[in-house]
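Please build the complete structure, drawing on both the sequences and the hints.
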Amino acid sequence: MVLPPNVSQADFNAALNEFRSAVEPSWVFSSDEDVALYRDSYSINWGEPDERVASAAVAPAKVEEVQQIVRTANRYRIPLYPISTGRNLTYGGSAPNMRGSVVVDLKRMNRVLEVDEKRAFALVEPGVSYFDLYHYIRERNLKVMLDVPDPGWGSPMGNSLDHGAGYTMAAFRDHFGAHCGMEVVTPDGELIRTGMGAVPNADSWQDFHYGAGPNVDGLFAQSNFGIVTKMGFWLMPMPEAFLTGTVTAPRHQDLEALVYEVSYLEDLGLTGMPQYGSPVGRGAFGPGAAAMASLMQNGWPSAEAIENFVTAQKRPAWSVQLYFYGPEETVRATWQAAKRRIGKAIAGATFQDGEFMTLPIPKENEPTQSDKPRLGIPALEVFNMVARNQGNANDPSDGHADLFVTIPRKASALFEAARVLYETYKELGMPAQGNPFPTPFTYYSRCFWTGTTVPTWRDPEKNARSRAIFEKVINRCAEHGWVGYRTSPAFQDLLISKYSFNNHALLRFQEKLKDSIDPNGIISPGRYGIWPASMRKNRA
Amino acid sequence: MRRTLFLLLVIGSGNFLLAQKPSETNGKVVFDKWCAPCHGAVAPKNVMFGTGALAGTSALAVKYKGKLPAVLEQRTDLTSVMIKSVVRHGLFGMPITRKTEVSDAELEDVVAYLTRNRKK
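Those protein sequence lines, which keep their order, are chains A and B. Quick note on numbering: the first sequence equals residues 1 to 540 in my numbering. Quick note on numbering: the second sequence equals residues 1 to 120 in my numbering.
Mixed in with the good hints, there may be bad ones.
Claimed, not checked - Every beta carbon over 10 Å from chain A, so not counted as near; a handful from chain B, in silico:
{"id": "1", "residue": "T25"}
{"id": "2", "residue": "V29"}
{"id": "3", "residue": "N46"}
{"id": "4", "residue": "L54"}
{"id": "5", "residue": "L68"}
{"id": "6", "residue": "P69"}
{"id": "7", "residue": "E73"}
{"id": "8", "residue": "S80"}
{"id": "9", "residue": "M82"}
{"id": "10", "residue": "M94"}
{"id": "11", "residue": "A112"}
Claimed, not checked - Among chain A residues calculated to face chain B with C-beta under 8 Å, some are:
{"id": "12", "residue": "R77"}
{"id": "13", "residue": "G86"}
{"id": "14", "residue": "S94"}
{"id": "15", "residue": "D105"}
{"id": "16", "residue": "R111"}
{"id": "17", "residue": "E114"}
{"id": "18", "residue": "D116"}
{"id": "19", "residue": "A120"}
{"id": "20", "residue": "G152"}
{"id": "21", "residue": "Q369"}
{"id": "22", "residue": "A379"}
{"id": "23", "residue": "V386"}
{"id": "24", "residue": "R388"}
{"id": "25", "residue": "A505"}
Honestly, the hints are just simulated from the structure, not real lab data. Glycine is no exception: its CB is placed at the ideal position from the N, C-alpha and C atoms.
Take a look at the structure:
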């Protein structure tokens, strides 16, 4: 058994007994077998001394129970780590940030409290998954569409609090940005509601997110200032129709204009998340593999060599798929406008009409529907990407860790980042990663994300190699101002150290808040680099 | 009074029996919620980051190369120990499932469902 740091066995036992009074005893997990269920399945430190394992877990069903747990934790200085559905894989899963913490498993708080289709919002508890909320809406035939991330077993609350994102319109796929109103148990056991929820007789908690005075909601995301127990979300009214269209641009240099035109559509709220691709770049894994290897054989090629390569391949350098939501008249008109603008801006651009469908799709069509998240339908199909497949048939990984860094929304930054990642892998003596045809992630409409994924294992030697790559990529990207937006607990201190303007003034401000709000340091010590004073390391 | 007592006893014993005997029917419900999104039989043609197939089903197809069914519900060789071990410990990309998600009783139901056709 692991104990929390600086807590005696007697105090720990006393705290567990108080937890058993707060919730039914069967919902306090302290046996080795039960506590092991809270290990991070994708841990990059699996089986090593610094694997972030829990000392126990407690699963409340009501907010009053959460308050009691927090008060007990203060009495005995027990570090707590709240999880919602605990499925934040690659970012810690159900394991705590700090070894020895007690996981507060909020999965049993699983009520959909309200979905209002006319005002288009939902109010949920932490343990509600995207699957749960989707079924609630579908069973009642409510005319709203969810915006879901790739793994549907996640929690709308947990995903938004870790700045997760989905696929539909920009206003909804920024999941934290689309929230409206929170209820939070603060580290002293007090209960607060934000925005209009602070007005006792207001019926507009999910209608207006600011209320008056400082807006504190952001303090409860990627942080350790409280345990969120309810959260509202704005939903997209169910569009009448969905239409896709694919654009191609012939030359490598066309990406700059393509990005501008697609961003124009995005910023006007006319398309959902654009999916960039490169028909030529994809050739690196198919019939064009030999040609791509030839292009890269002497290192990063010149602009002229790249354009000659594209011409010889007789395929477009770029593609982008656009997704339109709305009445049939407007989605068709928007696609026409996109064709007109892009056709004028990029000589030789091509356009292919894609799928058109009326929404919602029939229930019986759901199992075979491709790209479900684009239609707000939760799924787990993304895991097909990392599961055992023909490429790793004899040695599938046990998980993965992702690093997506934020770069400016422009082609030149994307090319520069691709080249730096390529050179970083070369320096590590690893097989070359990437080529001059990178495609950005556009989950957040105003920036690009690019980065890398490393496998994780239940094998310390293999994990050590993955950690070395991950740290090198974090450090090298940061030299260029490209820093991740989230990461697994093993790298959060390193990541946050890169947000260092004015001698880490932002983190020092957060630490002052921490010392004031949570003087005993009981909530999620170390989350995103914020440590209680008693555990704070000397910063260089 | 005697009638009420009798009813309570009957209801009570029913619950007792239900608690003791795993339910294949509920096992199917739990399987559909927690397992089928990766281990189901029906998949779309395309998914966002790969070819169409569910992660668990396609992984098992690669692993068994046709020697065993890739769809768990078609298997006749699964055992209670095997099912519980994979659910509670995870396997490759499949994560650990906690008791707040699938309780021990529900896991027994899943075992009953997935071993219903087990060859004796």
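Q: Give me the numbers of the hints this structure contradicts, sorted from smallest to largest.
A: 3, 4, 10, 12, 16, 17, 18, 19 and 25
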